[in-house]
Amino acid sequence: MNDGSLDLAILGGTFDPVHSGHLQIARVVSELLSTRVCCVPSNIPPHKSSTIATPDQRLTMLRLAVSEDPKLDVDDLELKRGDRSYTLETLKDFRRRLGPSPRLYFILGMDAYLSLPSWLGWQQLLDYAHLVVCRRETDQASAPPLLAFERSHRVKTTGMLKSSAHGRLFFVDNTALAVSSTEIRQRIKNKCDPSAFLDPAVHAYILQEQLYAAS
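Start counting at 1 in the sequence shown, then tack on 106, and there's your number in the numbering used here.
In short, the hints are calculated from the structure, not lab data. Glycine residues also receive a C-beta, built at the ideal position from the N, C-alpha and C atoms. Be aware that one or more of the hints could be misleading.
What follows is a list of derived Cβ distance ranges for each label pair [stated by the list, open to error]: (1) SER207 <-> ASP162: 28 to 36 Å; (2) PRO176 <-> GLY227: 28 to 36 Å; (3) ALA249 <-> SER140: 31 to 39 Å; (4) ALA302 <-> PRO251: 36 to 44 Å; (5) LEU138 <-> HIS259: 14 to 22 Å; (6) ARG187 <-> LEU112: 17 to 25 Å; (7) SER173 <-> ASP199: 19 to 27 Å; (8) ALA302 <-> GLY227: 34 to 42 Å; (9) SER270 <-> ASP299: 40 to 48 Å; (10) GLY265 <-> ASP245: 21 to 29 Å.
Simulated crosslink set (EDC-like; lysine to aspartate or glutamate; CA at most 20 Å straight-line) [said to hold, decoys possible]: (11) LYS268 <-> ASP233; (12) LYS198 <-> GLU174; (13) LYS198 <-> ASP179.
Construct the entire structure; sequences and hints are all you get.
See the structure below:
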């Protein structure tokens with residue numbers, strides 16, 4: 107019987123840089139599902155050609171951001187793997203580590219969810235994990251391929267979500283600050299103060315490394 111102690115949620119992204127929106131989503135999901143959340147920085151995401159900060163810099167910023175929260179952690183498996191980062195391969199890796207019984211959740215925002223049909227093996231993701239989609243009231247509606255996906259897999263309560271180790275789709279209201287890494291990089295480039303959106307240690311590291319000033 108699964109007591110939930112090994113359950114894990116994954117929050118992926120480039121984290122270039124990690125910001126308060128990422129951290130708030132991670133904490134909301136952690137509290138809602140009573141689970142640890144592991145932040146997994148991508149090496150090179152399929153939809154991007156590169157990142158501005160190096161992999162080591164992004165990893166350092168993430169570790170600084172979560173260092174004082176025991177429910178949050180960081181895993182560098184995609185950075186170690188190298189090349190393109192595909193979510194399906196990452197979920198397979200985590201499922202192999204956890205075994206068949208613990209619940210595995212993959213957290214994604216609405217923009218990423220709406221692009222899901224373009225992902226490699228997207229319909230196989232539920233073979234390894236639940237999908238937890240963080241959405242806002244202003245987000246656009248799902249496209250037809252996703253509507254059929256939702257009819258087959260969506261559940262509306264955490265109890266139903268937790269009744270299996272994988273295979274379900276669940277929506278969470280996203281109350282995190284509407285901020286993006288792109289906006290933060292632009293603020294830094296324009297010499298505007300980004301500190302309201304960054305963990306203090308992350309902000310100090312960005313200043314130390316002179317990141318994004320000329321991006």
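These are the hints, each one checked on the structure:
As the Cβ distance of SER207 to ASP162 is approximately 35 Å, the hint placing it in 28 to 36 Å holds. Against the hinted window of 28 to 36 Å, the Cβ-Cβ separation of PRO176 and GLY227 comes to about 33 Å, which satisfies the hint. A hinted range of 31 to 39 Å for the beta carbons of ALA249 and SER140 is consistent with their spacing of about 32 Å. At about 38 Å, the CB distance of ALA302 to PRO251 agrees with the hint of 36 to 44 Å.
Judged by the Cβ atoms, the range 14 to 22 Å given for LEU138 and HIS259 holds: they are separated by roughly 19 Å. Taken as a hint, the range 17 to 25 Å holds for the pair ARG187 and LEU112, whose Cβ atoms sit roughly 23 Å apart. For the pair SER173 and ASP199, the beta carbons lie near 24 Å from each other, so the given range of 19 to 27 Å is met. Taking the beta carbon of each, ALA302 and GLY227 are about 38 Å apart, inside 34 to 42 Å as hinted.
The supplied range of 40 to 48 Å is met by SER270 and ASP299, whose beta-carbon atoms lie about 46 Å from each other. Our hint of 21 to 29 Å for GLY265 and ASP245 holds, since their Cβ atoms are close to 25 Å apart. Of the pairs offered as hints, the one joining LYS268 and ASP233 holds, with about 15 Å between alpha carbons and a cut-off of 20 Å not exceeded. Proposed proximity of LYS198 and GLU174 is contradicted: the alpha carbons are some 29 Å apart, above 20 Å.
For the hint pairing LYS198 with ASP179, the CA-to-CA distance comes to about 19 Å; that is within 20 Å, so the pair holds.
Comparing the model with each earlier hint shows a violation of hint 12 alone; every other hint is respected.
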